[in-house]
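Enquirer: Given the coordinates of chain R, work out where chains Y, F and V should sit on it, guided by the hints.
Here are the chains, one letter per residue:
Number of protein chains: 4
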Amino acid sequence: MLTRAELQTFVDTLPFNSLIGVRVTGVYRDGVRLECQLREELKNALGTMHGGVYASLADAAVGMSLVTHFEFKRKVTTVEMKLNYFLPITEGKLIARGKLLRVGGSLAVGSVEMFNSQRQLAGAALITYKLL
Amino acid sequence: MLTRAELQTFVDTLPFNSLIGVRVTGVYRDGVRLECQLREELKNALGTMHGGVYASLADAAVGMSLVTHFEFKRKVTTVEMKLNYFLPITEGKLIARGKLLRVGGSLAVGSVEMFNSQRQLAGAALITYKLL
Amino acid sequence: MLTRAELQTFVDTLPFNSLIGVRVTGVYRDGVRLECQLREELKNALGTMHGGVYASLADAAVGMSLVTHFEFKRKVTTVEMKLNYFLPITEGKLIARGKLLRVGGSLAVGSVEMFNSQRQLAGAALITYKLL
Amino acid sequence: MLTRAELQTFVDTLPFNSLIGVRVTGVYRDGVRLECQLREELKNALGTMHGGVYASLADAAVGMSLVTHFEFKRKVTTVEMKLNYFLPITEGKLIARGKLLRVGGSLAVGSVEMFNSQRQLAGAALITYKLL
Chain R
1 MLTRAELQTF VDTLPFNSLI GVRVTGVYRD GVRLECQLRE ELKNALGTMH
51 GGVYASLADA AVGMSLVTHF EFKRKVTTVE MKLNYFLPIT EGKLIARGKL
101 LRVGGSLAVG SVEMFNSQRQ LAGAALITYK LL
Chain Y
1 MLTRAELQTF VDTLPFNSLI GVRVTGVYRD GVRLECQLRE ELKNALGTMH
51 GGVYASLADA AVGMSLVTHF EFKRKVTTVE MKLNYFLPIT EGKLIARGKL
101 LRVGGSLAVG SVEMFNSQRQ LAGAALITYK LL
Chain F
1 MLTRAELQTF VDTLPFNSLI GVRVTGVYRD GVRLECQLRE ELKNALGTMH
51 GGVYASLADA AVGMSLVTHF EFKRKVTTVE MKLNYFLPIT EGKLIARGKL
101 LRVGGSLAVG SVEMFNSQRQ LAGAALITYK LL
Chain V
1 MLTRAELQTF VDTLPFNSLI GVRVTGVYRD GVRLECQLRE ELKNALGTMH
51 GGVYASLADA AVGMSLVTHF EFKRKVTTVE MKLNYFLPIT EGKLIARGKL
101 LRVGGSLAVG SVEMFNSQRQ LAGAALITYK LL
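Protein chains in written order, with the numbering used here: chain R, 1 to 132; chain Y, 1 to 132; chain F, 1 to 132; chain V, 1 to 132.
For reference, chain R alone in the conformation it holds in the complex (with noise of 0.2 Å):
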């Protein structure tokens, strides 16, 4: 299994993860943690973080759990993903909890819970990766 360091390493050799701040918080044998503090060039029209920073950091998250999955063995590609928003992020961090529920042989699929700093639940996704 890959420490939390070398994916942590990994990520920030990653162009847009490295923009919007992807942090990696955990790394367990079916996923991993990644959390993004807040900040003013990640907010939306209401002043909360972007719904796209929520999509960023969740395909992000089955996709850093299927890197460390295959150890950097085998490129991935997102096929599809779905999203649900439940609470703004007003303050403070996104975090998100990536869990892969199924690794076939050509196709992928993961489940992220995102929470607020406060561990209240702010969205939930599901998403499919194809394994090149």
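Rather than coming from a laboratory, the hints here were simulated on the basis of the structure. Be careful, since some hints might not be right.
[Stated by the list, open to error] Derived lysine-lysine pairs resembling BS3-like cross-links, with alpha carbons at most 25 Å apart: (1) F:Lys130 - R:Lys99; (2) R:Lys73 - F:Lys130; (3) Y:Lys43 - R:Lys43; (4) Y:Lys73 - R:Lys43.
[As the list claims (entries may be wrong)] Here are a few chain R residues that sit away from chain V, every Cβ distance over 10 Å (derived from the structure): (5) Arg4; (6) Glu40; (7) Phe72.
[As the list claims (entries may be wrong)] To be clear about the criterion: a stretch of chain V counts as covered by chain F if any three or more of its residues have a C-beta under 8 Å from a C-beta of chain F, and this derived list gives those stretches: (8) 52-62; (9) 73-79; (10) 82-92; (11) 107-115.
Just so you know, even glycine gets a beta-carbon here, dropped at the ideal spot from N, CA and C.
Expert: Below, chains Y, F and V alone, put in the same frame as chain R:
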């Protein structure tokens, strides 16, 4: 109906849309057309446009369709989104044509077709908004 | 291209499609048009067409679009579906126009627009299939 | 909280749920457990449980979770559903464990894990309901 320039002026006040570089290129009775130029900061692990940028642009395409529909008179927030990825963006632009399918009393739904610079279909989305 | 009658003959061999009563009413270059008549057995707690019937008909609309595209030469299976409900069907028919958006080497994606008997938009779906 | 028998009595009044044969096998604080036995009429072109039955059972799993939550006091209707298919049901039962993730003032969201008779994960869903 809003003009393209009026909508661009509004988009320019939105921090995250400005960060990724959202341009308004069309305003129609049923929706809007947005685009985003690929640049280094928006790339994923494969060197192509990050899926989170597609999601952000798709979300904005329906959100701005609603802003146009209501001429700034109602605030809206994303309930959920679903996005399929067809083609990577390796250079040039990602283009999103958002179209309102249904505007009810409390909810609205839009579809988005996404294209690369060669006008090939690069993705498709269905997005639900809540009218606040 | 298959004829409407050839596709109807195939649909009639499918147990669940027969149970809900799927009729083929159009075969096109890019997809098919199916419909299903509301009857007592297909109702939900509100006395209207059950959401599961919409899902079954939408799934069939993309599946039959692929059967038509491949002229029975490939087997396919649903990877995932997403469906938005706009209007209840209180009488008459639920109509589904399926359209293939993308047919790749291993995956295909179709969209579905669903209508009531008055040709009002009653739902929309995005569905991913795997080509076996 | 409703008893399993009370909820089964209600489900038995619902025409489409009766048609596919929905059984209530568990009622919990956060949701319900339903199942459906494979029989000839529920099969697809591959001879396995039709995807529309998964969708119908998943929809019912969240719907009945809400009926239980509100103890019959509120009517609800499906806004949208998203379902991923992992395994075919070739014999035995399809089991759906619905769980409410979020119950707001006007919307509610539930997740569903679906299993085959061997308790292997056969599908997963995220479903949004409107509270009428």
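Enquirer: Take the hints in turn and mark each one as holding or not.
Expert: The hints, checked one at a time:
Distance hint between Lys130 of chain F and Lys99 of chain R is fulfilled; the C-alpha atoms sit about 23 Å from each other, no more than 25 Å. Distance hint between Lys73 of chain R and Lys130 of chain F is fulfilled; the C-alpha atoms sit about 24 Å from each other, no more than 25 Å. The suggested pairing of Lys43 of chain Y with Lys43 of chain R holds, with an alpha-carbon distance near 20 Å, which does not exceed 25 Å. Taking the CA atoms of Lys73 of chain Y and Lys43 of chain R, the gap is near 20 Å; set against the 25 Å cutoff, the hint holds.
Listed as outside the interface, Arg4 of chain R is consistent with that label: its C-beta sits roughly 27 Å from the nearest C-beta of chain V, beyond the 10 Å cut-off. Chain V leaves Glu40 of chain R outside its interface by the beta-carbon criterion, the shortest separation being 28 Å against a cut-off of 10 Å. Consistency note on Phe72 of chain R: stated as away from chain V, and its beta-carbon is indeed over 10 Å from all of that chain's, at 25 Å minimum. Counting residues of the region 52-62 of chain V whose CB lies closer than 8 Å to any CB of chain F gives 7, which reaches the minimum of 3, so the coverage claim holds.
Coverage of the region 73-79 of chain V by chain F holds in this model, with 4 residues showing a Cβ closer than 8 Å to a Cβ of that chain against a need of three. Residues of the region 82-92 of chain V with a Cβ under 8 Å from some Cβ of chain F number 5, which satisfies the need for three, so the listed coverage holds. Restraint check on the region 107-115 of chain V versus chain F: 0 residues with Cβ-Cβ distances below 8 Å, three needed, restraint violated.
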